[in-house]
Amino acid sequence: MTAREKTMRVVIQIFLILASITMLVPFIWMILTAFKTVTESTQINPFVIFPTQWITENFTEVIDNMNFILLYKNTLLMIFFRVVCAVLTATLAGYALGRLNFKGRGLCFSLVLFQMMVPAQIFIIPQYLMISSINMTNTIFALVFPGLVTAFGTFLLRQAYMGLPRDLEEAARLDGCNIGQTFLFIMAPLTRSAMVALGIFTAVFAFKDLMWPMIINTDKNMLVLSSALAKMQGQYTANYPQLMAASLISCLPMIVIYLIFQKQFIEGIATSGGKL
Amino acid sequence: MAGKKQKVKGTARARSENIWGWLFVLPTMIGLIVLNIYPIINTIKQSFFKTGDFGRGDIFVGVDNYVKVLSNSETWDALLATFKYAIIEVPFSIAISLVLAVLLNRKMRGRSAYRTIFFLPMVCAPAAVAMVWRWLFNSEFGLLNHILGAKIQWVSNPKIAIYAIAVIGVWSIIGYNMVLFISGLQEVPHDYYEAASIDGATGVRQFFSITIPLISPTIFFVCVTRIIGALQVFDLIFMVMDTGNPALQKTQSLVYLFYQSSFVERNMGYGSTIVVFLLVIIMIITVFQMIAQKKWVYYS
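In the order they appear, the protein sequences are chains V and F.
Number 917 in this note's numbering belongs to position 163 of the first sequence; there are no gaps in the numbering.
Number 196 in this note's numbering belongs to position 169 of the second sequence; there are no gaps in the numbering.
No lab work stands behind these hints: they were computed from the structure.
Treat the numbers as computed from the prediction; the structure is a model and nothing was measured.
Glycine included, every Cβ here is placed at the ideal spot set by N, Cα and C.
Heads up, some of the hints might be wrong.
What the hints assert, rightly or not - What follows is a set of in silico ranges between Cβ atoms, one per label pair, in the way DEER data are often shown:
hint, chain 1, residue 1, chain 2, residue 2, range
1, F, Leu97, V, Ile768, 48 to 54 Å
2, V, Pro919, F, Pro118, 38 to 44 Å
3, V, Asp921, F, Ile311, 41 to 47 Å
4, V, Glu924, F, Asp85, 53 to 59 Å
5, V, Thr796, F, Ile71, 45 to 51 Å
6, F, Met135, V, Met916, 44 to 50 Å
7, F, Ser100, V, Thr972, 29 to 35 Å
8, F, Met317, V, Ile768, 36 to 42 Å
Construct all of the structure, not just a fragment, from the sequences and the given hints.
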């Protein structure tokens, strides 16, 4: 390695470290503020960076006020059912569209592509009216409703099936498997990584969704984390330490899961995002 | 005899593929029709109606809603704000994440740690992210003004609020674009760079002459999807801007306006019209990009 290359490497490292710190500042500031008193957080002369005393009252107070156990439960149920529905229906439809010749396949596939090209807000009013006409607002079902099927996931799984070799099906057929058995025992297990990618993608986007949960579930017992944060902001505008504590509690579970499974997260998002 | 049997078997196979195919695709198709196809038609239909209570007793008003939407200055302000947001978010997030992807696309110390950090905002709820940034932007007690030693009204000055929000958007999306670019870069053969090095091309030169053309399909893909995403911005604006914020009029996006008229003012006909307007805008821009790609995207 020449001296020039060596200095180049050092410069790149310094640049990346500075960039990382910049990216982390909002997180660090959220954590520091969450442990301060209101007085300390709004003190400017001198400006306080680290809390003089790390207090936990902000956390205990928002947990008491917002019933986080319930919010976690609702959010988790919404994510769970959306992931199960998405993976299940997309695996079936993806196999049919990628591997089977049936009448009307072209039309079905155009429907999938069409849905993916349209902005999602165009569905919201009729979806809302459907749910309210059957009196199902403020339920877990209402939260899951727009995610019962997924055009994007169907497309993703179709691509995964199309990448598998033809011989596998032939061999299974010669062994006497019908199409259902071939799918279940031979083909579906081979697309496990696409299913995991879709599952992660669905979970992250369900967790981040704000507009749908906010309009469909307004009862305070049926909120999810994001809609509860939106509601809370309206109520405690000035109490930033509490708002930061609530944000931290809302984001922490997903961050921890992400840090444990970061490889799957990043690859899942990269493969599904890139295939879109 | 054998040939005939083959043929019978062939049609039996075709029949069975037909049945299984429909069986497998049916749940998704029913779902798409109920959740997406019917709603599109219904939204377009509603845009020609004045809304009664809860969608009942709607009155047909022809193109009245369109006239109102197009003649309301609020709509054009919202369109302008949406464009301003996209014009900051898309190019900056793409440029920054492309540079980061190139720097990280090699064996180096801390590679996966950097990747983890840059991607982190992606797994946080925008509702929480927006609250944190709002606090950073706070004009009196915010960290940003303290560092700059200024008293800038980041989110209540109508001239700059939308750009401040776009900064949050850039910060949130960098990691996502970066990961897509890294996977695009991994497809670029290493020999190209070696050949370029032997010819004496510098790193910057290699970046513009090899990297950019070879991953232009990925750049194009990210560009199209990010523009579509940016034109639908809502969460950040909704969370950062209070209803009493003096900058709201110049900062609300089209989707914000859609939410406000459909679910706060409960005028779903008007809301439907706004969202159809958005659909048309997105379609025009996407078609335009499809045409423009021929000029700069390089498919090997």
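For each hint, the structure was consulted:
1. F:Leu97 to V:Ile768: 48 to 54 Å: holds, 52 Å
2. V:Pro919 to F:Pro118: 38 to 44 Å: holds, 42 Å
3. V:Asp921 to F:Ile311: 41 to 47 Å: Holds, at about 46 Å.
4. V:Glu924 to F:Asp85: 53 to 59 Å: The hint (53 to 59 Å, Cβ to Cβ) holds, given that V:Glu924 and F:Asp85 are roughly 56 Å apart.
5. V:Thr796 to F:Ile71: 45 to 51 Å: This hint holds: roughly 50 Å between Cβ atoms.
6. F:Met135 to V:Met916: 44 to 50 Å: violated, 35 Å
7. F:Ser100 to V:Thr972: 29 to 35 Å: holds, 31 Å
8. F:Met317 to V:Ile768: 36 to 42 Å: The hinted range 36 to 42 Å holds for F:Met317 and V:Ile768, with Cβ atoms some 41 Å apart.
Comparing the model with each earlier hint shows a violation of hint 6 alone; every other hint is respected.
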